[in-house]
Amino acid sequence: MKGFNLEKQLLFYGAYHHDPVNIGIHMVCVPILLLTGFQFGSNTPDLLKSPGFMKLRNLPLNLGTIAAITYSGLYITLEPIAGLAATPLLLGAAAIANKATAKFGAKAMKLSVLIHAVSWIAQFVGHGKYEGRAPALLDNLVQALFLAPLFVWMEILFKLGYRPELRMKLEEGVRKELKRLAALKEEKSVRDLAAAGGKGVEEK
826 MKGFNLEKQL LFYGAYHHDP VNIGIHMVCV PILLLTGFQF GSNTPDLLKS
876 PGFMKLRNLP LNLGTIAAIT YSGLYITLEP IAGLAATPLL LGAAAIANKA
926 TAKFGAKAMK LSVLIHAVSW IAQFVGHGKY EGRAPALLDN LVQALFLAPL
976 FVWMEILFKL GYRPELRMKL EEGVRKELKR LAALKEEKSV RDLAAAGGKG
1026 VEEK
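Start counting the sequence shown at 826; every next residue gets the next number (my numbering).
Hints in this document: simulated from the structure, not taken from any laboratory.
No experiment lies behind these values; they were computed from the predicted model shown.
No residue lacks a Cβ here, since even glycine has one placed at the ideal position from N, Cα and C.
Fair warning: there could be bad hints in the mix.
Stated by the list, open to error - Keeping only pairs whose Cα atoms sit at most 35 Å apart, straight-line, the calculated DSBU-like set for lysine-lysine is:
1) Lys928 / Lys874
2) Lys954 / Lys874
3) Lys1004 / Lys833
4) Lys928 / Lys954
5) Lys1010 / Lys833
6) Lys874 / Lys932
To be verified - Beta-carbon label-pair distances, calculated as ranges:
7) Ala931 / Leu963: 30 to 36 Å
8) Val967 / Asp844: 22 to 28 Å
9) Asp964 / Lys935: 16 to 22 Å
10) Leu991 / Gly917: 49 to 55 Å
With these hints in hand, go ahead and build the complete structure from the sequences.
See the structure below:
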């Protein structure tokens, strides 16, 4: 299906993240945001009846655990091998979040809120100072939130040699997209200058 095209999804996100410093910031902050997001969800009651073995593994079916399962399912749909490899990490993060909530309660929540906020600020700095472009979430919030962890995971896998042909294709696609955006920006600047010049002539 068109909406589940891995290359298209990664190209969308990659066009907002091509600066090495900004990519580095995201590779640190996105997993932190995901973990703290699961921790927020772990404060909810079980939304479904949890099988006993899941509770033993700190995976009651609260909002945090269900979110981890949803991310896993989406990533397996987009890229089966990468998605399956990410599943233990996603469920492990949810289990850590659930255990922290059970053990530390409100203290865990307060710490998560602080770390979550700092991570968001760091990412906005990365976009403003290094990328020179607004975050993807301002164009498509849901798509960006779901794609960010997959983008980071694929970056790690690419560095380990996974699917080099896809990596080269994406890099070329991002370069073309950036050229297209630069051309559009230049055209807009020319139109704005022409409009400003026309107004100046009218005023005279």
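Which hints from the list above does the structure break, by number from lowest to highest? 2, 4, 9 and 10
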